[in-house]
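Student: Here is what each chain is made of, one letter per residue.
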Amino acid sequence: MRLPGGFTFHKQGDPWLSWHYITSNSHAILSATSTHVTLTLESVALGLLAAIPLAAIARQRSWLRSLVLNLGTAIYAIPSLAFVVAMIKIFELSSLTVIIPLASYSLVILVRNIITGLDEVDTDAVDAARGMGMSNTRIFATVRLPMALPTVIAGVRLAVVSTIELVVIGGYVGQGGYGSKIFEAFSNRSHTELTTYILLTVLLALVADLILVLIQRLVTPWRRGLAS
Amino acid sequence: MSSNSTWHQLTTWFSSKSTWFGANGAAGVFHLLYQHVWISALSLAITCAIGIPLATLLARWRGGGLVVTSIANAARSIPIVGVMLLLAIGPIGIGTEPAVIALVIFALPPIVTNTYTGIRNVDAETSRAAVGMGMTRSQVLARVELPLAIPLIATGVRLAAVQIWATATIAAIIGSGGLGQLITVGYATQYYGEVYGGVVIIAVTAVLLDAALQRLQTVVRRRFGAQAVAS
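Taken in sequence, the protein lines are chains A and B.
With my numbering, letter number 129 in the first sequence gets 129, and the count goes up by one each step, no holes.
With my numbering, letter number 30 in the second sequence gets 1030, and the count goes up by one each step, no holes.
There is no bait here: all hints are sound.
Partial pick of chain B residues on the chain A-facing surface, computed with a CB cut under 8 Å:
hint	residue
1	G1082
2	Y1187
3	V1207
4	D1210
Since the hints were made in silico from the structure, they are not lab data.
For clarity, every value in this text was computed on a predicted model and none was experimentally measured.
Yeah, the Cβ is synthetic: ideal placement off N, Cα and C, and Gly gets one too.
Just chain A, with the same shape it has in the complex:
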């Protein structure tokens, strides 16, 4: 990526939008979509994997809770461009350069939501489980976590939608799915390509959010009919 040399006038045959562009580049679009989806899923999954134990630990002591939450605020304040470029020396130009920063941002969102979700769990249900002789680990896995699920999934929705948007910055280091195309279009000054991939990013975020709403309804059947 270099800074552009200067002004060029709007090229002929380069409209802001073109259906022809989409049909004639369907292969490139599909391949970029698959990369973008993979990067998003890997980042959020990694974030979630780390967030669950971290949230469980943070709830044990109040100082741990404030430590985790404050550290999260600090991580979230680091600009994505800085975070991604900082990873280059460590992970070279592999996809981890993008995944690690995005997983960290997801982690922050998810830890907050999981802590809130666990806090809201009805203490009567936990007492009942304890009365039935369940161990703490078992209570966490079979009572607390499922009851916190609506709040956790709300966090996952937020993490997925913002990660889809953030993956684009990965294009700066050539690891961004739609982002790589967006930066390529910027270098070539191609309006059609740029607008197409911006709209695709928005569309992907909308579709992902819709799918997660459906999943939310499937895994929390007892909440059906309530406002989500």
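Take the given structure of chain A and dock chain B to it, following the hints.
Tutor: Same frame as chain A, now just chain B:
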């Protein structure tokens, strides 16, 4: 290149005088910091000037809530980098203007949502009492509803400010200058001393700004009374 030499580059970069004050026409950290502050302050001022009156209008209108949610959802899924690059190859060209436009667009949601919620949260009884005392609708807004909404408006301004400061980094890609230029120039020239120096300076200033604004917000909330916080 070994990590040792990156560390060496970093220490050299930090201890060099030209890093801070610039040399041979290249901008130093202090000049870039000045640019960063200027772009951020300008964007925040414009966002407040548009966002607060807009939210006030929407709060008085029935369908306002839907508009506010739509603005917030749309802005969350539109890639800001894409919009900046799009503006830069459009008629405006590269530089500060497209950066400020993009920063304002994306900083509107926190300010609009919080101002809207702040005004809407004011107890209807309170507003009615003010009307009963003979205040006009605009007087109720200016003397009762807006002052009561200040804690939430402050939350919105803080979130917008932190977001603008962080996102202004990306604007360096389209030639707006600012601290992000340390990263773009360092990356383009493969000088990792500058890249990591930039990352450290950007991350530290972002975290400090966030912490300072949270302090300030606590003061504001104490002064104007606490309310439910929506972030």
